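**Student:** Residue-level listing of the chains:
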Amino acid sequence: MRLVIATCSVDYQGRLSAHLPMATRLLLLKADGSISIHADDRAYKPLNWMNPPCRIVEEPGRWVVTSPKGETLTITIDEVHTDVSHHLGVDPGLQKDGVEAHLQELLAADVTYLADGMVLVRREYPTDIGPVDLLCRDGEGAAVAVEIKRVGEIAGVEQLVRYIERLDLDGRLRPVRGIFAAQSVKPQARVLAESRGIACIELDYDLLRKVERAEMRLF
Amino acid sequence: MKFRCERDVLVEALGTATRAVASRGGALPVLSGVKAELIGNRLVLSGSDLDLTIQVGVEVAGQADGVAVLPARLTADIVRALEPGAVHIEVEGEEGRISSGRSQFAVRLLPADDFPRLAESAADEVTLDAAALAEALRQVVRAASHDDARPILTGVLMAAEGDGLRLVATDSYRLAVRDLPGASVLREGQAVLVPSKALGELGRVLTTGTVTLRLGERDATFVVGDTRLTTRLIEGEFPNYRQLIPSTHPNRLTVGREPLLDALRRVKLLAREATPVRITLKGEGIELTAITQDVGQAHEDLDAKYEGTEMVIAFNPEYLADGVEAVEGDEVTLETVDALKPAVVRSVESQDYLYLLMPVRVS
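Residue numbers (the working numbering), protein chains in the order written: chain F, 1 to 219; chain C, 1 to 363.
Everything labelled a hint here was simulated from the structure, so no lab data went into it.
Straight-line alpha carbon distances no greater than 20 Å define the calculated SDA-like cross-link-like pairs of lysine to any residue that follow:
id, chain 1, residue 1, chain 2, residue 2
1, F, K69, C, P111
2, F, K69, F, D11
3, F, K45, C, P29
4, F, K69, C, D113
5, C, K341, C, N251
6, C, K2, C, A106
7, C, K268, F, E215
8, F, K69, C, V30
9, F, K69, C, G93
10, F, K69, C, L109
11, C, K197, C, Y173
12, F, K69, C, R108
13, F, K69, C, F115
Since the structure is predicted, the reported quantities are computational estimates derived from the model, not experimental observations.
Sequences and hints are given; from them, build the entire structure.
**Tutor:** Shown next as structure tokens:
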């Protein structure tokens, strides 16, 4: 993520023409290849932007951004006040409520829910690309990385695959197998997980919370 | 593209096609639009959210062929707001111009090349009676789940059953099963899971006549008159619902459908905050009760015929009313095993429909 605060003007040529007169603005360049130009208002909404894939050519005092359709965004820079870049890594995604964290807490308290004989090594076990939710040892002492989601989607499986790759580099843990645990696992995520040798487990939040439902289910 | 069309015809066609339009454009902004394709006097409007696509064909007075994607909601709102009469639509450059009488609008178009192309299904087509399918969908779709966290349960199972078709839906609290004898749509043993949202939309356009169905590997296409609805099928295994249906029911209540629905509507006014309605089953009739702490209580007696052990059984009133409302005929039966096992709602007149409902535990 690159953040540039600059005094600049912006000209868009494409389906219509638009001009932003010279002013101080934030230019946001994301790792996905997008660029957006923000003023100090309008909340998250940019004044102008270009979605990836686009090509950015930086010249002294002038950036030209071109989309595959030939649209151009010309940013004329009078003065750069700040220009910083940060590597943010893979985003864990929006957590709509506290259920995911609570599921982790509940599972950590009783990992035998995942399999008989399972014992917890550590919650938030660190790897060099971020912590895996739970690291456990199964009944035979083998390391098991557990990734917990509210809704299990492909991105979660891929995240777990990356953690396992990192954990497998540690001779004390290798070989590490994975469990993808979620309240529900999307069919595509299940297919991907199974193809990578990762087990999927659907979690019953109420059962973990030991909540007895008045409204009973058929199954 | 340029054409003229009566406002009411266009309103109806836009209303149907835009029901499939994505509520948010998401990754594909063009999906917030409705595609209009004019060839001669035939205008085809298409809306899609990638999972569901609805195409509606209408006859118009065509003046220039062409394709354009108009912003769906805005266009529908504009056309609906116009005075009755002829509406003129013309595409010029990046703009779509909508005019009628002294009203003129110009809207920015979306890129037509970005609109997804719908592959034609090569599957064999079969024909179903539209009215029978509409009734079956009305009875079954209501039991499907709306929870995307359990995608399998958001679908309706369409399965071959004997010489006919069986529709099944469940949200895990209730289960609806409807047989359409003689509707041989699927091969023996074949079953597909169709999103209930798509079938709900299909139910809206079904009237009389026939509906043509094409089942592909991953999608299903229904054609009703000038409307074509294509939906992605849900992948996965539907729960084994047969084992949920009790084989015997020692207790059987027979009650008027409308009186029960009316009583439920009244009593559930006091069934707030997920409070169930309790039904006291006894020989001379039934009593419905709802009690909400700190609010109040409601009681209503109802004439009914009951054979079995006296008991109190409680249900979610919405789910119970859904099941009773779905059955055909003047009388319904409620068959129970005990207060904690699933109850079955059926029509006295027909065995083609079954609604299984889990009771609510009460102290």
